[in-house]
Amino acid sequence: MSGRELYQHGDYCPTRNIGWCTIHGILIFGTHIMFNIKHSLELLVSAAIAEATGLSNCNANVIYSSRPEFGDYQANGIMAIAKQLKSNPRELAVRVVSALQSNDLIADAQVAGPGFINLFLNDATLATAATRFAHGEQNLLGAVDHPQRIVVDYSGPNLAKEMHVGHLRGTIIGDSIVRVLEAVGHDVIRQNHVGDWGTQFGMLIAHMESLGENSTKVHTQLADLETFYREAKSRFDLEPGFADLARSYVVKLQGGDRDCLSAWQKFIDESLGHCEDIYELLGVTLSKDDLRPESFYNNELADIVNALREANMLTASEGAQCVFLEEFKGKEGTPLPAIVQKSDGGYLYATTDLAALRYRGKNLAAERVLYVVDARQSLHFQQVFAIARKAGFVPGACSLEHIAYGTMMGEDGKPFKTRSGDTVKLKELLDESVRRAHDIVSAKSPELSPEHREQISNVVGIAAVKYADLSKNRTSDYVFDWSTMLSFEGNTAPYMLYAYARIKSILRRQGEGVHPERSEVRITAVEERNLIIKILQFPEVVDVVASECYPNYLCAYLYELAGIFMRFYEACPVLKAESDLRASRVTLVSLTAATLKQGLGLLGLETLEQM
RNA sequence: GGGGGUAUAGCUCAGAUGGAUAGAGCAACGGCCUUCUAAGCCGUAGGUCUCAGGUUCGAAUCCUGAUACCCUCACCA
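Under the numbering used here, think of the first position of the first sequence as 495, with each following residue one higher.
Any given hint could turn out to be false.
Stated by the list, open to error - Below, a list of computed lysine-lysine pairs in the BS3-like style, where the Cα atoms sit at most 25 angstroms apart:
1. Lys1070 <-> Lys998
2. Lys938 <-> Lys1091
3. Lys825 <-> Lys856
To be verified - The following label-pair restraints were derived from C-beta to C-beta distances:
4. Phe822 <-> Val1038: 24 to 34 angstroms
5. Pro641 <-> Gly907: 41 to 51 angstroms
6. Glu631 <-> Ser756: 50 to 60 angstroms
7. Pro641 <-> Ser1073: 35 to 45 angstroms
8. Arg883 <-> Asp783: 27 to 37 angstroms
9. Gly735 <-> Ser781: 36 to 46 angstroms
10. Ser781 <-> Ser1073: 45 to 55 angstroms
11. Val1038 <-> Lys836: 40 to 50 angstroms
In short, the hints are calculated from the structure, not lab data.
Every residue gets a Cβ at the ideal spot worked out from N, C-alpha and C, and that includes glycine.
Modelling step: build the complete structure from the supplied sequences, incorporating the hints.
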């Protein structure tokens, strides 16, 4: 049972324009609350079910109709309720329909099939709602009924190396989720849990130190982090003295040695600079303020282990400090440990995550914590969540969710690598996409200036990579393929950006003739009606993305919106229409533009006025 | 071996709480530019939703089993 309080009988009060039902004094289909046709229908139908059966809390099960003749929405809940009551579903559906309170949202409700109720929306209400949006009397996205403080952990690259394609998904999926949550009114705290601590840094600092103290030189050396890491690793493996030096640096680092710390800091700053360049290029909203690196929790780790010991959750096993939980079994059903302290006294990933979770629960007062992390870490997070709950590190009501995503594969179905088997640097991937976009832009629009073409290909190239990822269900692995991604057809960023550019072109050409903020939207063709309904459904999909964290729902919606607009564009002349009709259509075009721009914005994509 | 995941058109992918005739794009074939950007629109063709059972008025979706592939299971993150 989510959020919203249920209908209480007899609470309706009509309002002047479109709005209607008040539930516990809250205007649902009105101005305050997120405008949401589906919720309104659910409330209306469940009220009618209550009226017809005396049952409260019934799920009307309202969904989009699969075919036009079945209406705009359909209520499928009747069959289940009839079964529960051992009554005839069709008869019940008829009684529910006649129990529907008169309202101006539903124009017609028809019983069909075994007990479906097909709902047809009122054209005048749709037109009025669209007009109100255009006039700015109602926001496309309003505030959620219960704003939450939500911590979102995403991106989290390892600073020892350069960002590679493996970091793309978490970074952009997380960024989109964060934008959506904020848009619906939640209080979002971003956390970039970067890896800046661990044994590998001893090796890197040792290598850096040996190259000299000169800071400009360091900057140059670290320009290619990947090569730098490889060199350090190779020396670590081959030079006997170097490995010892590296290990001694680790010890000194952990002991708080000032020189070592300052060298480490130098390295971290350089590496962070690389990340920031990527974030800038990707248009990701993470900033320095969102950094909570692993080292941030260094001083908490001993206390985490102590707290677990005091809670009697700790077991020594093979020299390590472990937490064994009933629900986790390892090989041959033996208990599976989560190790929080190594036999040499060192701490691990799980320890840091427990500290982070306690910080988020206690210090940040999170009500919901989202971990946008690779699906392969699922077991790790299940363990960490279970331990944190049992140890009381987070409030019981706090929701902990692993927002898992799959792996990016190459065309061979194996994890995406270069031909030589190396990981692909994110920077190189993005540069190549922009380069390919540039070739296409130059071929399609040779009349544009070189600067303009460059600007377009920058936006299109980045958007293509992001959209190709965001448009897929995050839980599954997917095949990265230049040809499908940059074919610029179908459900792709270029298609969406092109639709937007066409829209803007109309609005430019119409000049000062029409003022959408004072014009009336009318429905004179089915393409107009379809477009209006789709626009009004924007809040519904955003709502689902905010709760389920699947950005591909939003992509699918925007693709459909763009498609419906294209059909409107083909069928309904805008600038050639006369007077009121022209004003109405220009207004619709303007609303479509606003919705597309906002939707793409929630995905973290820029738009182009022209392409 | 335990646990988790995936299997949908030739290819790449959608299919939220079980709903009516399973959807897109690419590739193939055929239409539409002297009219608001053809990076577009319309149409044709393409499916035993891995297999076998089960639950249900109704299953790609839920349950059981099988097969294939992937991930994961003690001191990496």
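Okay, the hints, checked on the actual structure:
A threshold of 25 angstroms between alpha carbons decides the hint, and for Lys1070 with Lys998 the separation of about 16 angstroms falls inside it, so the pair holds. Simply put, Lys938 and Lys1091 have alpha-carbon atoms about 23 angstroms apart, close enough for the 25 angstroms limit, and the pair holds. Distance hint between Lys825 and Lys856 is unfulfilled; the C-alpha atoms sit about 35 angstroms from each other, more than 25 angstroms. Hint check: Phe822 to Val1038, Cβ distance near 32 angstroms, so the stated range 24 to 34 angstroms holds.
Our hint of 41 to 51 angstroms for Pro641 and Gly907 holds, since their Cβ atoms are close to 43 angstroms apart. For Glu631 paired with Ser756, a C-beta distance near 58 angstroms keeps the hint of 50 to 60 angstroms intact. Our hint of 35 to 45 angstroms for Pro641 and Ser1073 holds, since their Cβ atoms are close to 44 angstroms apart. The supplied range of 27 to 37 angstroms is met by Arg883 and Asp783, whose beta-carbon atoms lie about 28 angstroms from each other.
For the hinted restraint 36 to 46 angstroms between Gly735 and Ser781, the CB-CB distance of approximately 41 angstroms keeps it satisfied. Range check, Ser781 to Ser1073: about 49 angstroms between beta-carbon atoms, so the 45 to 55 angstroms window is met. Checked against the hint of 40 to 50 angstroms, the C-beta distance between Val1038 and Lys836 comes to roughly 43 angstroms, which is consistent with it.
When held up to the earlier numbered hints, the structure conflicts with hint 3 and nothing else.
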